[in-house]
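Take a look at the letters that make up each chain.
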Amino acid sequence: MKSSERYSAPAIALHWLIAGLIIATFIWGLVVSGMPLSPAKFKYIAWHKWAGISVLALVVVRLLVRVLKRPPELPAHMGPMERLLAHGGHLALYVLMFAVPLTGWLMSSAYGFPVVLFKLVQLPDLVAQDEQLAATLKTVHEALNWIMAACVAGHVLAAVKHHVIDKDGMLFRMSLRQPRQ
Amino acid sequence: MKQLKLLPVALLLAAPLLQAAPLDAGKSQINFTMKQLNVPVTGSFKKFSGNVVLDLKKPEAGKADISIDTASISLPTAEAVGEAKKPDWFNVAKFPAARFVSSSIKSLGGGKLQVAGKLTIKGTSRDVSAPFTAHQEGGLTVVEGVLPVSRLAYKIGEGDWADTGTVADEVQIKFKVAVPAGK
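So the protein sequences, as listed, match chains A and B. Each residue of the first sequence is one higher than the one before, starting from 1 at the first, in the numbering used here. Each residue of the second sequence is one higher than the one before, starting from 1001 at the first, in the numbering used here.
FYI, nobody ran anything at the bench for these hints, they're computed from the structure. Just so you know, even glycine gets a beta-carbon here, dropped at the ideal spot from N, CA and C. Just to be clear, a hint being listed does not mean it is correct.
[Stated by the list, open to error] Chain A side only, calculated, beta carbon under 10 Å to chain B, not exhaustive: (1) 36; (2) 38; (3) 39; (4) 46; (5) 114; (6) 116; (7) 120; (8) 128; (9) 131; (10) 134; (11) 136.
Using the sequences and the accompanying hints, generate a full structural model.
Following this line, the structure appears as C-alpha cells:
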C-alpha cells in the first residue's frame, strides 16, 4: 500500500482522538442523565460538557486538515451507489460532529447552566434562558446522539466489510501504524 | 380624657414610623448567583415582603425589614428547585421564611449607602453589611446592592453538598428593593 493511499498523519491522529472522545462522551452522557441531582452529577455534567466542546474544537481542526490534505481516493472497485453511500455517510458524520456538541451547548444556555470550559473559560450563551426551549433542545440533542450512534455503527461495519470481505485494505488507510510494504 | 389629650402627641411621636412603607414587590427583586465548578447559576426568590423607611436626605434614620418566602425559590430547572427545598438546603418545611432586619444605614455619599443588619436563614442569624446604591425612579426609591454571603454559615447545602469544590461557599445575593418615595 502506497502512503498516498493513506490519510495524512494529522487526519489519522484526529480521527482516533475524536472517535475515542465521542464514544466516551456518549456513554458518559447516558450515565449522567440518569443520575439524581448530587454534587457528583454537577461534576460529571461539567466533564461531559468539556469533552463535548473539545470534540467540537477538534472537529474544526479536522475539517481544516481535510481541506488542506485531501483524503485518499476511494478504492477503484466501488460502484456509484457505494460511493454515494460512503460520501453520504461521511457527510452525515461531519454534520453530526458539529450538531451534537452545538445542541448540547445550546441546551446548556437555555437551561441557564452555561458552559465553563475546564473551569476556566466561560463560553457565551447561545440563547436566552428558557426552560421549555431547553427541554426541546435536550430531546433534539438526545435524538441526534442516537442518529450519530447509528451512523458510527454503520461506519464501523462498512470499514470492516471493506477490509474483510472486499479485502481492499481499507483499515490501513486510517491505521495508527504504517502497514508494512 | 387624659389619654385622649395625649393622642395627638402619640401620633406626632409615631409619625416617623408611619412613613415605613411596604416595598413594591412587583418592582423589587431578590436574586442570587452561586457557582458550581465556576459555572454561575442564577436563581431568585419570587415572594417576599417587608417594610422600608428610607429618606435619601436622611438615610441614617432608615430601616428595612424584609421577609423572604423560601418556598418561592426559583432555579434553572424544576429538579433544582425541588432539591433546594429539601432539608439539606433551605428546609422550607421547617424554615419557611428568611429575614433581613437592618441595624444601621450609613450614607457613603453619592447615593451610596452602607447597610448593615441581621440576616436570618434556616434559623441561623448572622451580621452582614454591604454597600448599596439608592436612587429615585418614578415615585419610587430604589435601593440596589450585592450582599456576598457564605452559604455554609447558614448550613445551606449540608451533607454531600457541603463540598465547596462543587458548589462554592460564596453566594451573591442581589437585592433590588423599591419602595414608594416618601411625600
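Hints and how they fare:
1. 36: The hint holds - residue 36 (chain A) has a Cβ within 10 Å of chain B, the shortest such distance being about 8 Å.
2. 38: holds (6 Å)
3. 39: holds (4 Å)
4. 46: holds (5 Å)
5. 114: At 6 Å from the nearest chain B Cβ, residue 114 (chain A) passes the 10 Å test, so the hint holds.
6. 116: Hint holds; residue 116 (chain A) Cβ to chain B Cβ min 5 Å, cut 10 Å.
7. 120: holds (7 Å)
8. 128: At about 12 Å, which exceeds the 10 Å cut-off, the nearest Cβ of chain B leaves the hint on residue 128 (chain A) violated.
9. 131: holds (7 Å)
10. 134: holds (8 Å)
11. 136: violated (14 Å)
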